[in-house]
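Engineer: Spelled out, the chains give:
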Amino acid sequence: MSVIAFILIGFMLTMYVLLDGYDLGVGAITPLVARTGGEREGSMRSIGPFWNGNEVWLIAAGGALFALFPKAYASSFSGFYLAFIIVLWLLMFRGVAMELRAHFPSELWHQFWDACFFGSSLLLILLYGVALGNLLHGVPLGPQGYFSGDLAELLNPYAVMVGIFAVATLMLHGTTFLVMRTQGPAAERARRLVPRLWRVVLVLYVAVSAATIFERGIGLTWIDLIPLLSIAALAWLLFAALGKREYAAFGASSLFVASLLLQAAATIYPYLLPALPPRPGGISIFDAAPSPVALMSALVVTIVGVIAVLIYGTLVLPQMAGKLSVED
Amino acid sequence: MDVVIADRLQFAFTIMFHYLFPITTMGLAPFVALYTIEGIRGDADAAKAAAFWTKIFAINFAIGVVTGIPMEFQFGTNWAAFSAASGAVIGQPLAMEGVYAFFLESIFLGVLLYGKGRVAPQLLGASAVLVWLGSWLSGFFIVATDAWMQHPVGYAITPSGVIELTSLAAVLLSPFAWWQFLHVLCGALVAGGFVVAGIGAYYVLSKRELALARRFVDAGVIVAFIFSILVIFPTGDRNGDDVTKYQPIKLAAMEGLFRSTKDAPLAIIGMPDSHDHDLIDPIYVPDILSFLAYGNFNANVKGLNAYADTLEPPVELTYYAYHVMVGLGTIFAAIAMLAAFYLWRKRLFEEPALLWALMLGMPFPYIASEAGWIVTEVGRQPWIIYGLMRTSAGVSPTVASGEAIFTLIGFAGMYFLLGVLFLYLVLREIALGPSAVAEHAAA
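Going down the list, the protein sequences come from chains A and B.
If you're matching positions, the first sequence starts at 1 in my numbering and goes up one per residue.
If you're matching positions, the second sequence starts at 1001 in my numbering and goes up one per residue.
Bear in mind the hints are in silico, worked out from the structure with no lab data behind them.
Please note that the accuracy of each hint is not assured.
Stated by the list, open to error - Restraint ranges, calculated between C-beta atoms of paired labels, are given here: (1) B:Asn1296 to A:Ser291: 39 to 45 Å; (2) B:Gly1240 to A:Ile223: 55 to 61 Å; (3) B:Ser1160 to A:Pro195: 52 to 58 Å.
In this text, all values refer to a predicted model and were calculated from it rather than measured experimentally.
We treat Cβ as the ideally placed atom computed from N, Cα and C, and that holds for glycine.
Take these sequences, add in the hints, and give me the full structure.
Structural biologist: Dropping the structure here:
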């Protein structure tokens, strides 16, 4: 059952990265594709109805982690205290920027919130990437299962490299979303940006993979086959984008992101918080899980709820889709 | 500073600021839904009202969402020992809030705000109702979490000291939780009623938007009247019974009762002094406290002296918060009753004094709700889980007070900015008025 719980949390976090990933990516590429105030507003409107629901995947995954693996939740959140609070502040700034921008008709007001939106989106992706890098790298767990990661330690070269890779990947993800969802000059610029970002992502992917092999060695298990999926998705992405198949490009980008997360999850499994060597182990799904009764009821209510969300989300949200024409 | 104090200050500050917004969300959501549906059915005035209140609702919701995100994560950041010990229980209602309430609210609010012209009108109406449902569900799950910390049920403690869930149904169906939730919900509906009536009264008094304004006053007064009674009886009364039964020391602090007393009087006012164990300059109503607590004018009510000092909550804060809640509750119930009476006699709009009272009374339900939460949370100290875990044992072992103070200051600065922005944007919409807002929304 712990394994199902691990898969469930992995699934919810993957949904979060796929969905909020595109709206974060849109935020991070806005200065590159949107030149005028109207275009910036358009790119924000393209994610307007969706971003909040997307972000709920993070809140829900946090709640599920709390219920299913309380020890891992407690240890990681308090251990990364400052980093987490900074993430919270950035999430708040970003939410305020998107929600309040439209409520006051002033050019300066818009410019201010555009800058906040861009900065917070970019920094959030970077921090998420750094956090993932640290999970793969291992954290300095103490004997009680708690740790205190100071900020300088979290910014180790490997983690920063994963962070930069995350920025490029989600920028590409956001760009494919913008191409799919909007039309106009900004969408054209986004279209031209795809192959250029693609090259950056490819180079960083190879670099991060090499660094990961250097960090963790190579196990020669099925996990090592996942990169084939990633590479296929990445190739399909470029192919679809050049062929102007917008939905396919976004789908390929989603598959690429999901394959990376699958590999990360498979790498740290069965740990939720792998310890930094020389300490062996870490907090695993088996010692972080509560009693079978609690696990069972949390699994049932969460899975039923997630299925319901997936059903009404897929019924309702596509009705909100369709091209948004962004003119100045 | 002691790290426990720093963590508590941060939680208290962030939750109290945050809670201002869910009050409005829960209280306004039914109005938004009703106006939206009436508007779709062809009532042009209701459509204007829907555009106006949806706009206010959206600004309020945005601040509520961004200030709500830190709440769930603060359990882990600042209260790691508490989370590790009790996550198996309280993580469940919190996870359910995310999965069952937040998705509903955020997805359908997206449809409501952006869907006009894209989706069928029926879906817009359904979205407004689902946002309403989501906001109330969210309130329920949060109150159920708190209620468990006030009165734990459905759990067992393992030999290693971890609290295990034995029955999720017991946690979610606990009568303690339900009465607490209904009380909270009635408080929010009083606030919603007062906001709608108060803003309506403002327009009537400024002689603007008269047709809509009267509609707001009518609807707001009726809701405020009904729920200002329900918030006192039965829900407030039943919460009082639960406190008497399960947390008698909180009752003693609320009432400023330092010594156990037979025929205990009720102190209407008075200044408690926990140093000298005395209530200074009280005005008493004889025997009433005994009656309220036990239904018997001669019953013995235990005072603070009956308990060990280490179990005593901060008396002054609990006492004043309780008296502020009850005092304001009495005042707003009186205003709402008077306004409802004049509304029934069809003379409300000839009584400017009453319209002024409705307008100026808008903050009262908010202050009363916040004060009520202070009674609940400060009054249960020194426990974080009543009778099971002390607050001082719940903090994160690796987070120093310096860190918590830094982040508290950061939150304070950020929330000050958010508060200013919120007031500015909402006051601006109110100054524009429903007609202009609706016209702008249609454009």
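Engineer: So, for every hint listed, does it hold in this structure?
Structural biologist: Here is what the structure says about each hint:
Taking 39 to 45 Å as the suggested C-beta distance range, the pair Asn1296 (chain B) and Ser291 (chain A) conforms, at roughly 43 Å. Distance hint for Gly1240 (chain B) and Ile223 (chain A): a CB-CB separation of about 59 Å, consistent with the stated range 55 to 61 Å. In this structure, Ser1160 (chain B) and Pro195 (chain A) meet the distance hint of 52 to 58 Å, their C-beta atoms being roughly 57 Å apart.
Of the numbered hints given earlier, the model fails none.
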